[in-house]
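A.B. asks: Terminal number for the sequence shown in my numbering: 473, no gaps in between.
Derived from the structure by calculation, the hints contain no laboratory data. Keep in mind that the hints are not guaranteed to be accurate.
[What the hints assert, rightly or not] Using C-beta positions, here's what the derived DEER-type ranges look like:
1. W272 - P307: 22 to 30 Å
2. F327 - L274: 17 to 25 Å
3. G321 - F463: 37 to 45 Å
4. A411 - D278: 35 to 43 Å
5. D278 - P307: 14 to 22 Å
6. W259 - F309: 32 to 40 Å
7. G295 - R464: 43 to 51 Å
8. F334 - L459: 15 to 23 Å
9. M333 - T292: 32 to 40 Å
10. L270 - T369: 17 to 25 Å
11. R464 - I353: 15 to 23 Å
12. L270 - I419: 12 to 20 Å
Each residue gets a CB set at the ideal place from its N, CA and C atoms; glycine is no exception.
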Amino acid sequence: MTNWLAVVTVGLFVLTWGLGQIDYAAIVGGFIPARITNPGAFAHALGPVYVPAFLTPVTATLVHGGWMHIGFNMLMLMFCGRYVEHVLGSKLLLLLYILGAYAAAAAEWALNPTGMAPMVGASGAISALLGTYALMYSHQKVRAIGPFSANVVRIAWLAAGWTIIQLMIALATSGSGGTELGQIAVGAHIGGFIAGLVLTRPILHLRFRKGPIGLNKR
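Please model the complete structure; the sequences and the hints are all you need to start from.
C.D. replies: Right, dumping it as structure tokens:
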């Protein structure tokens, strides 16, 4: 599934890039917070849009602003996606990817619900995979703090660390324009990563509810 996600994403990018339609693809398939907040005003401002608003968190993962944008995202996808898929399997990996895309879009909407700039790229969904990867493969020993279990403390530390890194990136790139299509979607990165952390245990439970080899436990 990791390979298929990469192939489809790169293939669509090459197609839109070759046709010179990257900006158009961003408007049609990108996630635009204003479409959720005020659909009528958006339609009046930009005309007909062919992808339903509720699908744009997913279609936005298939749109990228340039070669550097998609190159870095695919590098991260192939790096952590294979390890996560090895544990979760292909179907649950895809589920986590899609849920991460929606969590990333929700975070972007919460930060700027009237924003008109399209959010594009797979980094939010990939951040969810990265969150799961970090939680599953972290070897740092963490102790429980008061009523909070060691697992909750680990999630909190990872979430805090990732958030700080993203805020530092936002500060460092605040005057550079981010990707070719706009500022870096820091909110999407944070939302996707936290979704990966929170969803890891439920998805692992779903994966192994009948035991690692699919047999009922006794």
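A.B. asks: Indicate, hint by hint, whether the structure satisfies it.
C.D. replies: Quick rundown of the hints versus the structure:
1. Distance hint check: the CB atoms of W272 and P307 are about 25 Å apart, consistent with the given range 22 to 30 Å.
2. With their beta carbons about 23 Å apart, F327 and L274 fall inside the hinted range of 17 to 25 Å.
3. Distance hint for G321 and F463: a CB-CB separation of about 40 Å, consistent with the stated range 37 to 45 Å.
4. Taken as a hint, the range 35 to 43 Å holds for the pair A411 and D278, whose Cβ atoms sit roughly 39 Å apart.
5. For D278 paired with P307, a C-beta distance near 20 Å keeps the hint of 14 to 22 Å intact.
6. Remark: the range hint 32 to 40 Å for W259 to F309 is contradicted by a beta-carbon distance near 23 Å.
7. The supplied range of 43 to 51 Å is met by G295 and R464, whose beta-carbon atoms lie about 44 Å from each other.
8. At roughly 20 Å, the beta-carbon separation of F334 and L459 lies within the given 15 to 23 Å, and the hint holds.
9. Taking the beta carbon of each, M333 and T292 are about 35 Å apart, inside 32 to 40 Å as hinted.
10. For the pair L270 and T369, the beta carbons lie near 31 Å from each other, so the given range of 17 to 25 Å is not met.
11. Between R464 and I353 the CB atoms are about 20 Å apart, so this pair conforms to the stated range of 15 to 23 Å.
12. Roughly 37 Å separates the CB atoms of L270 and I419, a value that falls outside the hinted 12 to 20 Å.
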